[in-house]
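*Asks:* Model the full structure from these sequences, guided by the hints.
Protein chains in written order, with numbering that gives the first Met the number 0: chain A, 0 to 46; chain B, 0 to 357; chain C, 0 to 390.
Because the hints were derived from the structure by calculation, they are not lab data.
Check each hint, because a few of them may be wrong.
Stated by the list, open to error - As a list, the in silico EDC-like pairs of lysine to aspartate or glutamate whose alpha-carbon atoms are at most 20 angstroms apart:
1. B:318 x B:308
2. B:243 x C:346
3. B:287 x A:41
4. C:166 x A:41
5. C:196 x B:248
6. B:55 x B:39
7. A:42 x B:293
8. B:287 x A:40
9. B:289 x A:9
10. C:81 x B:294
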Amino acid sequence: MESIFYTLQDFMTHSKGITYLIMGGILIFMPLYWLFLTDRDEKKETY
Amino acid sequence: MSISRRKFLGWFGGGLSAAAVSAADTAMAGGNHHFKGHPDTMGVLHDISRCIGCRKCEEACNRVNDLPKPEKAFDDLSVLNQKRRTHANAYTVVNRFDIDSKPVFVKKQCNHCMEPACASACFVKAFQKTPNGPVAYDESVCVGCRYCMIACPFNIPAYEYDDAFSPAVTKCTLCAPRIQKGQLPGCVESCPKEALIYGNRKQLIKIARERINKYPNRYIDHIYGEHEMGGTSWLYISNVDFSKVGMREDLGITPAPQLTSGPLAAVPIVVGLWPVLLTGIYAISQRKDKVAAEEQADAVASAKAEADEVMKKQIANVKKQAAKEKEAAIKKEVKIALEAAAKEAEEKNAETPEKKEE
Amino acid sequence: MELRSRISLRPLITPFNIMLGIIIAMGCIITILRFTGGLAAVTHLDDNNPWGIWIGFDLLCGVALAAGGYTTSAACYIFGLKRFHSAVRPAILTAFLGYALVVLALHYDVGRPWRLPFPIFWQQGTTSLLFEVGLCVFLYLSVLFIEFTPAAFEWLGFTKLRTFIVKLTLVLTILGVILSTLHQSSLGALYTIVPSKLHPLWYSAYLPVYFFVSSIFAGLSMVIFEGSLAHKYLHHKMDETHQKEAYGIVLGFGKAASFIMAGYVAIKVIGISIDNNWHYLFTDYGAWFLLELIGFVALPSFVYAIGVREKNIRLIQWTSLWTVLGIVLNRFNVSLIAFNWQLPSVERYFPGWMEIAISLFIVAIGIVAYRLATNYLPILHEHPDYCHQAH
Numbered sequence: 000m001e002s003i004f005y006t007l008q009d010f011m012t013h014s015k016g017i018t019y020l021i022m023g024g025i026l027i028f029m030p031l032y033w034l035f036l037t038d039r040d041e042k043k044e045t046y
Numbered sequence: 000m001s002i003s004r005r006k007f008l009g010w011f012g013g014g015l016s017a018a019a020v021s022a023a024d025t026a027m028a029g030g031n032h033h034f035k036g037h038p039d040t041m042g043v044l045h046d047i048s049r050c051i052g053c054r055k056c057e058e059a060c061n062r063v064n065d066l067p068k069p070e071k072a073f074d075d076l077s078v079l080n081q082k083r084r085t086h087a088n089a090y091t092v093v094n095r096f097d098i099d100s101k102p103v104f105v106k107k108q109c110n111h112c113m114e115p116a117c118a119s120a121c122f123v124k125a126f127q128k129t130p131n132g133p134v135a136y137d138e139s140v141c142v143g144c145r146y147c148m149i150a151c152p153f154n155i156p157a158y159e160y161d162d163a164f165s166p167a168v169t170k171c172t173l174c175a176p177r178i179q180k181g182q183l184p185g186c187v188e189s190c191p192k193e194a195l196i197y198g199n200r201k202q203l204i205k206i207a208r209e210r211i212n213k214y215p216n217r218y219i220d221h222i223y224g225e226h227e228m229g230g231t232s233w234l235y236i237s238n239v240d241f242s243k244v245g246m247r248e249d250l251g252i253t254p255a256p257q258l259t260s261g262p263l264a265a266v267p268i269v270v271g272l273w274p275v276l277l278t279g280i281y282a283i284s285q286r287k288d289k290v291a292a293e294e295q296a297d298a299v300a301s302a303k304a305e306a307d308e309v310m311k312k313q314i315a316n317v318k319k320q321a322a323k324e325k326e327a328a329i330k331k332e333v334k335i336a337l338e339a340a341a342k343e344a345e346e347k348n349a350e351t352p353e354k355k356e357e
Numbered sequence: 000m001e002l003r004s005r006i007s008l009r010p011l012i013t014p015f016n017i018m019l020g021i022i023i024a025m026g027c028i029i030t031i032l033r034f035t036g037g038l039a040a041v042t043h044l045d046d047n048n049p050w051g052i053w054i055g056f057d058l059l060c061g062v063a064l065a066a067g068g069y070t071t072s073a074a075c076y077i078f079g080l081k082r083f084h085s086a087v088r089p090a091i092l093t094a095f096l097g098y099a100l101v102v103l104a105l106h107y108d109v110g111r112p113w114r115l116p117f118p119i120f121w122q123q124g125t126t127s128l129l130f131e132v133g134l135c136v137f138l139y140l141s142v143l144f145i146e147f148t149p150a151a152f153e154w155l156g157f158t159k160l161r162t163f164i165v166k167l168t169l170v171l172t173i174l175g176v177i178l179s180t181l182h183q184s185s186l187g188a189l190y191t192i193v194p195s196k197l198h199p200l201w202y203s204a205y206l207p208v209y210f211f212v213s214s215i216f217a218g219l220s221m222v223i224f225e226g227s228l229a230h231k232y233l234h235h236k237m238d239e240t241h242q243k244e245a246y247g248i249v250l251g252f253g254k255a256a257s258f259i260m261a262g263y264v265a266i267k268v269i270g271i272s273i274d275n276n277w278h279y280l281f282t283d284y285g286a287w288f289l290l291e292l293i294g295f296v297a298l299p300s301f302v303y304a305i306g307v308r309e310k311n312i313r314l315i316q317w318t319s320l321w322t323v324l325g326i327v328l329n330r331f332n333v334s335l336i337a338f339n340w341q342l343p344s345v346e347r348y349f350p351g352w353m354e355i356a357i358s359l360f361i362v363a364i365g366i367v368a369y370r371l372a373t374n375y376l377p378i379l380h381e382h383p384d385y386c387h388q389a390h
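*Replies:* Encoded structure:
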């Protein structure tokens, strides 16, 4: 990992790369958090 | 103590990079950061006024890159009658423009941009702006999507459409292998008129500026490539308007990566917020359905209750009625029975007095 | 709940099927030419025009018109509009086939199709909007495949697997909307990198928004259009629910499309005004732009509205075809007609007949696959064994 970016292209390659990984994390985290949030709700009747 | 030019340039470069580091360290945020490019980027200065259209640069490029020989030889200047663009295995071309009935010659090739559009566009990172200057192409990962060709504002990358099995994108390499060996790029070395000079980009800009200042009547007051598309390593000065020699002056100074940074920035926001929004809509619509179902159930229940009430009342009335009728019927029967009994008793009384007289 | 005969009683040799057969046979031959002779043997692509109709039609139009999948499933499962339920499976089938065929078409267009996994699995060009498109299309195709499987599992009798996947419906639908938003908009964003090559009336910082919003009414219109074709030619595969709900679907989708198209016209006008490009409207390209915006978005939006107000199903169905043509026109404009507008006409691109033949070949495969699926799988009818299970 570079400590200094000379070009916008290098900066964006680095920042977007990390951002994509974070996006993957969000897509996994959110459903789990939703389950946690609605755990103790009244159960909806399903047939 | 004499300082060799090489050492001086080395110190100069070192000082610049130190300044760049400190400048970068003080403003690393993406929002307003101005990227100055690799400090020791090399480049080429093309003096259009010196070019005589001999095509020796094309010939040298073909030779040092081991490219297949073209149909017409390089000393055949009749090709200059047509405007040409770079082509698969023709990394550079010289074009002639007749301006005020005088021929002007311009060499065209990859400009090795400071912020290359091809590198920004490539989805497999096949292009890289190397610290030395050349924008390098890595054929080993190229999928052949040709988005780089769409993106390049100078229309430089070409494609081997004829090749079914290993087609590659082709463009000038700034002779990176030769430079590593301490040689000049093929075209620069072969130019008989010094219309091409290779050196440190910042130095070249100084030289170009000096030349323009020294001969203001000869040169247009503009160094093409200093700022276009965020700056290029290949710089041009000219004795005629750039737009007259096929060089676009409407490209602007915004580097390509910045043009797409807006849409790219929106992408993670969608990933962050859409789950919240959509789940929220779902939850609200579920709640609405639930409430609607409850209200309907309530309405049904209260309607039923009302109907029950009415029913109960009717039954009670009917019961009362029945009880009344029963009572009336009983009374009637009792009355009839009493009357019958009274009549019987009367008849018995009438019989008994006769028996007493005997 | 009667099960209709699985095998179609319609004859196989019809003029239409013969035409499909010819197209498919030609496609196979041209495929061989493409992969032995390279792109030059089959296309009119050149160095100035690296993208032709395989990108302009197969990729851009294909993805836009497959948008019925995410819009319909969002309407039914996220917005809770259960009366659109019978439209979901046909829409998901269309979307799944559509995206699969887009990937097939890409194999023809890129120079080294065997390297298509590279950007995702080997070296990621994260600054590229094409990376964004590729990643999202790959993920979304997977999501669509999973969403499609319950229909196949019902046919195969894999009850436990089917029920498990049905439980995932909501998560898959939400993920589908996210991924669709991303790649529909990123396809438009591809062109933000070339302001110098795209005509100012079509170039805009709002390109991603334009492509995303138009994909919504493209999808809704395709559902109406395909539904009308299915009603005519696949009527015998439809159960009572499908037939009953069809009326409400046409009306409901027509209404939604009309309103969204009005919003789209509004943001297009804003795009012109914000860049102060009014004067371009008075040029030849300006006339063409107005034809696209007024003739193929504003007008059909209005006619949709008339159809909805008067409950005129026929009118809405014809307008859906009109709207679909408008989407195709827009994608062609951005990628082929307004792109490279400054080049002299000798240097402009026009597709070769073999390019067109391959595009038709891919559409023909889609039609055949759709018919096979609707004939054998519970797409236009509910499977009798699963009639009463919520999905």
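*Asks:* Confirm or reject each hint.
*Replies:* Verification of the hints:
1. Between residue 318 of chain B and residue 308 of chain B, the direct Cα distance comes to roughly 15 angstroms. Compliance with the 20 angstroms bound is thereby established for this hinted pair.
2. For the hint linking residue 243 of chain B to residue 346 of chain C, the alpha-carbon distance of about 19 angstroms falls within 20 angstroms, and the restraint holds.
3. A distance of roughly 15 angstroms separates the Cα atoms of residue 287 of chain B and residue 41 of chain A; the hinted pair therefore holds under the 20 angstroms criterion.
4. Distance restraint check for residue 166 of chain C and residue 41 of chain A: the Cα-Cα separation of roughly 18 angstroms lies within the 20 angstroms cut-off, and the hinted pair is therefore satisfied.
5. The straight-line distance between the Cα atoms of residue 196 of chain C and residue 248 of chain B is roughly 13 angstroms, inside the 20 angstroms bound, and the hint therefore holds.
6. Only pairs whose Cα atoms come within 20 angstroms are accepted, and residue 55 of chain B paired with residue 39 of chain B is rejected, the gap being roughly 28 angstroms.
7. A hinted pair counts as satisfied when its Cα atoms are at most 20 angstroms apart, and residue 42 of chain A with residue 293 of chain B qualifies at roughly 15 angstroms.
8. Of the pairs offered as hints, the one joining residue 287 of chain B and residue 40 of chain A holds, with about 16 angstroms between alpha carbons and a cut-off of 20 angstroms not exceeded.
9. Straight-line distance between C-alpha atoms of residue 289 of chain B and residue 9 of chain A comes to about 52 angstroms, which puts the hinted pair past the 20 angstroms bound.
10. The suggested pairing of residue 81 of chain C with residue 294 of chain B holds, with an alpha-carbon distance near 19 angstroms, which does not exceed 20 angstroms.
Going down the numbered hints, you'll see the structure goes against 6 and 9, while the others check out.
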